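Participant: Note that the protein sequences, when read in sequence, are chains E and H.
If you count the first sequence from 1, you need to add 4 to reach the numbering used here.
If you count the second sequence from 1, you need to add 36 to reach the numbering used here.
These are calculated hints, taken from the structure and not from any lab test.
Just so we're clear, the structure is a prediction, and the values are computed from it rather than from any experiment.
Treat the hints loosely; a few may be bogus.
Mimicking PhoX-like on lysine-lysine, the simulated pairs with C-alpha atoms at most 20 Å apart in a straight line are [unchecked claim]:
1) 61/E with 133/H
2) 75/E with 133/H
3) 78/H with 13/E
4) 105/H with 93/H
5) 95/H with 115/H
6) 93/H with 104/H
7) 75/E with 61/E
8) 99/H with 115/H
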Amino acid sequence: NAGVTQTPKFQVLKTGQSMTLQCAQDMNHNSMYWYRQDPGMGLRLIYYSASEGTTDKGEVPNGYNVSRLNKREFSLRLESAAPSQTSVYFCASSEVGGVEAFFGQGTRLTVV
Amino acid sequence: EDQVTQSPEALRLQEGESSSLNCSYTVSGLRGLFWYRQDPGKGPEFLFTLYSAGEEKEKERLKATLTKKESFLHITAPKPEDSATYLCAVRSTGFQKLVFGTGTRLLVSP
Numbered sequence: 005n006a007g008v009t010q011t012p013k014f015q016v017l018k019t020g021q022s023m024t025l026q027c028a029q030d031m032n033h034n035s036m037y038w039y040r041q042d043p044g045m046g047l048r049l050i051y052y053s054a055s056e057g058t059t060d061k062g063e064v065p066n067g068y069n070v071s072r073l074n075k076r077e078f079s080l081r082l083e084s085a086a087p088s089q090t091s092v093y094f095c096a097s098s099e100v101g102g103v104e105a106f107f108g109q110g111t112r113l114t115v116v
Numbered sequence: 037e038d039q040v041t042q043s044p045e046a047l048r049l050q051e052g053e054s055s056s057l058n059c060s061y062t063v064s065g066l067r068g069l070f071w072y073r074q075d076p077g078k079g080p081e082f083l084f085t086l087y088s089a090g091e092e093k094e095k096e097r098l099k100a101t102l103t104k105k106e107s108f109l110h111i112t113a114p115k116p117e118d119s120a121t122y123l124c125a126v127r128s129t130g131f132q133k134l135v136f137g138t139g140t141r142l143l144v145s146p
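Next comes chain E alone, as it looks inside the complex (with noise of 0.2 Å):
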């Protein structure tokens, strides 16, 4: 059982450059979330999608957008990178009706 995976683990982008983060979960749950990881600031939460076919802002949606693919995958992508967008990643997933969420591993996207 995988639980939730991300692909890649580690990216490197130029400036204006774009790229999709890949997300996938196995334990059939309905909301997916992706969230940022930046030292001193927690965990922020960029878009979340409640159920397939919905998705809906969170914290910090500027300079992302998102994909609900199917149950399965929840995709987030940057269509112009920026420095500011030096973080680790994270995408989550949770029962609809239930309260924890379970994370991927994260990914490390540096922008230069």
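Following the hints, complete the assembly by docking chain H onto the known chain E.
Facilitator: Same frame as chain E, but now just chain H:
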């Protein structure tokens, strides 16, 4: 706005030296308070959920407690393998998101 504050930011203990981590929170209506453990380079690992004041949960050397304003993570006789960052988060009623504190970095020396 929901807020979570954790203290101390960092804590260094000797092996066997018990202590507590604090998580203070303000939330419009508490649906759950969570404790996670995060090792360097890894994602947060779920430890406990607490739902109402007075509730307690235990796992090995860890015990989490909850009041109406704060939660404590008590670590009894810690071992070096307990070294990690411990994160606290809350979820309020009617909202999907978890709001996290910035964590307490725990280092247990042998």
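Participant: Run every hint past the structure and note whether it holds.
Facilitator: So, going through the hints one by one against the coordinates:
With a CA separation close to 10 Å, the supplied pair residue 61/E and residue 133/H stays within the 20 Å bound. Of the pairs offered as hints, the one joining residue 75/E and residue 133/H holds, with about 18 Å between alpha carbons and a cut-off of 20 Å not exceeded. Taking the CA atoms of residue 78/H and residue 13/E, the gap is near 10 Å; set against the 20 Å cutoff, the hint holds. Restraint check for residue 105/H and residue 93/H: satisfied, since their Cα atoms lie roughly 17 Å apart, inside the 20 Å limit.
The hinted pair formed by residue 95/H and residue 115/H meets the criterion: a straight-line CA distance of about 14 Å does not exceed 20 Å. Distance restraint check for residue 93/H and residue 104/H: the Cα-Cα separation of roughly 16 Å lies within the 20 Å cut-off, and the hinted pair is therefore satisfied. Straight-line distance between C-alpha atoms of residue 75/E and residue 61/E comes to about 18 Å, which keeps the hinted pair within the 20 Å bound. Distance hint between residue 99/H and residue 115/H is fulfilled; the C-alpha atoms sit about 15 Å from each other, no more than 20 Å.
Comparing the model with each numbered hint stated earlier shows that all of them hold.
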